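Protein chains in written order, with the numbering used here: chain A, 1 to 383; chain B, 1 to 428.
Simulated crosslink set (EDC-like; lysine to aspartate or glutamate; CA at most 20 Å straight-line):
1) Lys-89/A to Asp-341/A
2) Lys-130/B to Glu-105/B
3) Lys-368/A to Glu-314/B
4) Lys-292/A to Asp-52/B
No lab work stands behind these hints, which were simulated from the structure alone.
Since we're looking at a predicted model, the values are computed, not measured.
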Amino acid sequence: MSQTTVDQVTEPGYTAARDRPPTGTTGPWGWARANLFSSWWSTAVTLLLGYLILRFAVSFVAWALINAVWTVPFSPQGVPNTAVCQNAKGIGACWAILPDKYRLILLGRYPYDQQWRPAICVVLFVTLYGISAMRQFWRKELVLIWIGTLGAVGVLMWGGVLGMPLVTEDQWGGLPITLILATFGLAAAFPLSVLVALGRRSTSLPAVKMLCVLYVELIRGVPLVAVLFMASVMFPLFMPDGVNIDKLLRAQVAFILFTGAYLAEVVRGGLQSLPKGQAEAADALGLSYWKKTGFIILPQALRMVIPPLVNTFIGSFKDTSLVLIIGLFDLLTMGTVALSDPPWQSFSTEVYLTLAVIYFVFCFAMSKYSRGLERELARAHRR
Amino acid sequence: MQGFPAPDLHARTVGHNDEGGHALAMSGTTADPRLIAARAVPKKALRMSWSDPRFRAIFWQIVIVGIVALIVWYLIGNTNRNLAARHIATGFAFLGRVAGIPIGESLIQYNPAIDTFGRALVIGILNTLKVAVIGVVLATILGTLVGVGRLSSNWLLSKITAVYVETLRDIPLLLQLLFWYALLEALPAPRQALHIGSLIFLCNRGIRVPELVWESADTWALVAFLVGAAGTWLWNRYARQRQEATGRRPAVWPVALLLLIALPLAVWGLLGAPTAVELPVLHGFNFQGGGVISPEYFTLLLGLVLYTATYISEIVRSGIQAVSLGQWEAGGALGLGRGAVLRRIVLPQALRVIVPPMTSQYLNLTKNSSLAIYIGYQDVMSIANTTLNQTGQAIEGIAYIMAVYLTISLSISLFMNWYNARIALVER
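Same shape as in the complex, but just chain A (with noise of 0.2 Å):
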């Protein structure tokens, strides 16, 4: 299909009448002219999709804004009367659960009062993301920030110091848990991964290796799902008498085990991309091992993995929903948890496009960082 463009172009005897541009390859109409009705069969596409995206456009817009419902009365308890809303249906919106209910499904069920704190959480993580992204910061300080963000989320999570109630984990939920689950699983993970794609490269301790190989290839093989599962099931077995693990740790165990396998896949490909001449030339300079591994390799590998290890990042925030099968109540649990009260019950598409846009502004905005980022540091290597 470029052929045909290119065609135009460098069609001869164009090249005689050069002194104003012919009219029609030039303007809008000229744009047109080659991007959408080039050949028979592109002006077919463009009508084709054109009517389409017109029909498909006229009747979200008349659905989502024209025909919605924004507010419905309450009754004196509470109690919304969705009569409008159940008359709309099928013609328009109703975003009047939003506002009832947009509270509980950002911070789930934490005391009312003290919303404020999971709500701050919530900046802190963003923050986090933010700082993590600047090259200025890539240093070892960040390692130092990490742990204080990470700090500060847990003693605003669980109070019980500085003045603040104590919050139970089981009264936590919406976004915290999924921010919570995705951010300490990476941060946990992390360091495993690191360690784990060492001894899977490491030709000295063929032992070490092969319990590397044995992790990654196990737990790469079977979905989430199973793992999450597993942890919910297996772990009260595997514990002591009177030992009890709450829901939320034993999800994050099973996170940071899924994660660092995909993780050290990762890393092990930074490590593989590294030229050879590195570590010889490390050796050559008489360094130990994790000389060697802490100040020659690592620093370069890692550096080459960041746009990968922030896809991971972005799959495991996707993954996070999962957890509604331990019964976890994470963003899109909650959002179910929204959905079952009665008066709300039949209103799911408000509430899943919703939590949609709230999904796809975290992944897009890093899958755009991370894209940009491959690109500068591809140009940077080939300099």
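Given chain A, put chain B in place with the hints provided.
What follows is chain B alone, placed relative to chain A:
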């Protein structure tokens, strides 16, 4: 170099490193044995000292493996005590017990009143395979179309496909599945079902389609098709041998047409060409007859295909882009048509880039099919979960889940590795 005994000088320069010298010694040239002996790494006995790297390696391996073994031993001990406290006997004896689990859809006969847990678990595997195999095929087709569409010179097409890919990739699959499932459940009841020409009905009980009544003539036609496929394969092999021997390739397509289409049709026609079709008919509150696609299966398939196709399209796109434009031009310069260039030059090169990441997408789709448990499609996870809840055999249930997924994953990996090795660039 095989036939000529290399001069000694050459042996010295080539055999600069150990490997080269070794190879020359193997091929029977006149390398000085003393030289090889001098170059070989001296073998030292293992010293029981910290300064010997081999001693350190062995020490650390024993320490690490020991720690792991201790942890495993501790966990197994705890598990045994816990199981004893709960009076759960381990073992697979429960597989022979009557299951009593109702299963909505299954490829084999199943009656919850008489059939065993073992059979129920087999149904789980079949259901997983049913969604995974069809999902892989559909996702590949859709992903390829979208990937090619994104490279289209038509601005609208490339933008639409880009929006599709960017949006669906960044929304969790589970959310998408719940969304589609809710939409499907909001479809009208069977009495007001949406329909396409009174043949295909869409309602909240699933999709009803006309079903061909399977008769022995159809079975024979299928057998004829398989025989024809084997024949085509043999003819293709013969054609390749002829081409290699004589440079002329006998035409394959007339034989393929004859064996793959004409032969089954002839068998089918000779046996009476039965064309009985069972149509779905509204009967009371639901449809009777015809084939049925359950809402759960349809949702899962739709979600998996739409989600995985976004990743596949990116792989296809990068694969096509990896083949430089010069390859097209060179093919054209040789006088090949556009189709021939695509088939013989561009695609074989693009496939080399495409196949390895595609393998991991197929694996992902298969593993993601375990999300079936959230929408009530009874796959491996779902049936294992029910079994586990009813029998309390947690360890056996988990072992079954792990075994099934690992087997599927390994099979796909092995097959795709074999395929990748077949199409890989053969260098010298």
